[in-house]
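Undergrad: Sequence:
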Amino acid sequence: MPNRIVRAMFIRRKLQFMILEYVKEKGKATSREIYEVVRKTYDISYQQFLSILMQLEIEGFIEIHQVRDNSIVVLKTRQRMAIE
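Per the working numbering: the sequence shown = residues 259 to 342.
Accuracy of the hints is not assured; some may be wrong.
Using 35 Å as the maximum straight-line C-alpha spacing, the simulated DSBU-like pairs for lysine-lysine come out as follows [as the list claims (entries may be wrong)]:
| id | residue 1 | residue 2 |
| --- | --- | --- |
| 1 | K298 | K284 |
| 2 | K284 | K334 |
| 3 | K298 | K282 |
| 4 | K284 | K272 |
| 5 | K272 | K334 |
| 6 | K298 | K272 |
| 7 | K286 | K334 |
| 8 | K272 | K286 |
| 9 | K298 | K286 |
| 10 | K282 | K334 |
| 11 | K272 | K282 |
| 12 | K334 | K298 |
It is worth saying that the hints were derived from the structure and are not from the lab.
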């Protein structure tokens, strides 16, 4: 694999951990709030950020709830994962 692809995958995983740690610390957060925190460290577009959130939801780490114009991100607990 080219070095550039490996680096992109590594950064994506670091972003996922950063998001999970932030949500774990806060309990829940809006997608915009998390994006602003991520943007302080990484230069990514909102679309790229949403793609990472979607991947975390697909992998079962978070739940995303739509409330009006905001997306609320909640960390999935083991109990919730076991029920589903």
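Undergrad: Regarding the pair K298 and K286, is the alpha-carbon distance no greater than 35 Å?
TA: Holds - the C-alpha atoms of K286 and K298 are around 19 Å apart, at most 35 Å.
Undergrad: For the pair supplied as a hint, K272 and K334, confirm whether the alpha-carbon distance does not exceed 35 Å.
TA: Between K272 and K334 the Cα gap is close to 19 Å, so the pair holds against 35 Å.
Undergrad: Compare the distance between the alpha carbons of K272 and K286 with 35 Å, and conclude whether the hinted pair is satisfied.
TA: holds (19 Å)
Undergrad: Regarding the pair K298 and K272, is the alpha-carbon distance no greater than 35 Å?
TA: holds (14 Å)
Undergrad: Just to be careful, I want the Cα atoms of K298 and K282 compared with a cutoff of 35 Å; is the pair within it?
TA: holds (19 Å)
Undergrad: Hinted pair, alpha-carbon criterion (35 Å max): K298, K284. Please report holds or violated.
TA: holds (17 Å)
Undergrad: Hint check: K272 vs K282, CA-CA at most 35 Å. Holds or violated?
TA: holds (15 Å)
Undergrad: Given the hinted pair K284 and K334, is their alpha-carbon gap at most 35 Å?
TA: Distance ~13 Å between K284 and K334 Cα, so the pair holds.
Undergrad: Holds or violated: are the alpha carbons of K286 and K334 at most 35 Å from each other?
TA: At roughly 10 Å apart (the allowed maximum being 35 Å), K334 and K286 satisfy the hint.
Undergrad: Keeping to a limit of 35 Å between CA atoms, is the pair of K282 and K334 held or broken?
TA: holds (9 Å)
Undergrad: When you check the alpha-carbon spacing of K284 and K272, does it fall within 35 Å?
TA: Roughly 18 Å between the alpha carbons, so the hint for K284 and K272 holds.
Undergrad: Straight-line Cα separation of K334 and K298 no greater than 35 Å?
TA: holds (25 Å)
In this structure, none of the earlier numbered hints is contradicted; all agree with it.
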